[in-house]
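Letter by letter, the chains look like this.
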Amino acid sequence: MRHLYRALTVLGSHRAQRVMGVATLAGLVATVVIGLFVVPPDATQGDVQRLMYAHVPVAWVTFLAFGVVFIASVGYLKTGRIQWDRVAAASAEIGVLFCALTIVLGSLWGRPVWGTWWTWDPRLTTTAVLLLIYVGYLSLRKVADSPVRRARWAAVVGVVGFIDVPIVHESVVWWRSLHQQATVLRLGAPTIAGSMLATLMLGFVTFSLAYGYLMAVRLRVGRLEDRSAAPVSSLSAPRARRPRPAGVPAPAPADVPASVPAPALAPGDVPASAPADIPTSVPSDSHA
Amino acid sequence: MHDAGYVAAGYTLTLGTLAAYRWHLAVRARRARRYVTAVTGRARSGRRRR
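Residue numbers (the working numbering), protein chains in the order written: chain W, -19 to 268; chain C, 2 to 51.
Don't read these hints as lab results, they were simulated from the structure. Values in this document were obtained by computation on a predicted structure and should not be read as measured data. Warning: the hint list may mix true and false statements.
[Claimed, not checked] Here are some of the chain C residues that sit facing chain W, going by a computed Cβ distance under 7 Å:
1. Asp4
2. Ala5
3. Tyr22
4. Leu26
5. Arg29
6. Ala30
7. Ala33
8. Arg34
9. Tyr36
10. Val37
[Stated by the list, open to error] Ranges of calculated distance between the beta carbons of each label pair, as one might list FRET restraints:
11. W:Ser175 - C:Thr13: 18 to 28 Å
12. W:Arg(-5) - C:Arg31: 43 to 53 Å
13. C:Arg31 - W:Val153: 38 to 48 Å
14. W:Val128 - C:Thr13: 27 to 37 Å
15. C:Gly17 - W:Val128: 32 to 42 Å
16. C:Tyr36 - W:Val140: 28 to 38 Å
Using N, Cα and C, we set each Cβ at its ideal position, and we do this for glycine too.
If we strip away everything but chain W, and leave its shape as in the complex, we get:
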């Protein structure tokens, strides 16, 4: 747990962000060029199969993002550290984006191949449910009135909602589905040509990098937004001073001479500087 959080902190450094940003951009260009112009078209599906070099890696990143939400939610429930909640919120937001993209890309592929934009197939339906769960997760974060309650509620949904991820993955095995079965993440060798598999792997690496990069940026934004949502007094408070070394007297206020000791007052006495309306003794019935 601690190692994962440290890894995320390292990813959040500006240098790491810049490197990831450049690598993501280069990877995206390479994936698009190779996927569109280098790899041969599929024997049965033709050119439309090229959408798989984006659709499958984007779906993988969806699982990855929601997996991170699950781990961070467990981390928050275990430790109560708000940093875990920040990681979960960032990953859920990116996961929702990628999940929606997965559905849209699948729909664009389904229209020419299946002849329809949408069908209530088990894989499609469970993916839509997954999207709804995490949209609900983000909505829940908006309605909670205190940061601690928000983090606790969200962590519970982050843990419970993850149950749908293995269901989505196994839906093509458990139920009769129009969607094709797994070709890479399966027992045994992948059932795909070498050049296509290599391009798909490049897509996996590229979109994973994109996820890492967006996570790093989103975590920084989350820290800033938490700071801007904090009470103004905590924002403008001066930094705590260093503790005074032993034996060094505290500096006297400017309007009080340090050499004049204050006179000792007996009980009931009122200092000369006290306002006139202060009673000299407290009435005995005031405690009743």
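Knowing the structure of chain W, use the given hints to seat chain C on it.
Below, chain C alone, put in the same frame as chain W:
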């Protein structure tokens, strides 16, 4: 070649979504940073000044 439109739409949408989200994060960061700076009177972006 009829399918090229779907493929082009898919890749354009993917890259466009990633770029739009990155831009959205930049806007959010700028807004939060501006607020913090206005309240505290000093820039606290998390970015170290050299």
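Can you give the numbers of the hints that this structure goes against, from lowest to highest?
-> The structure breaks hints 12 and 14; every other hint is satisfied.
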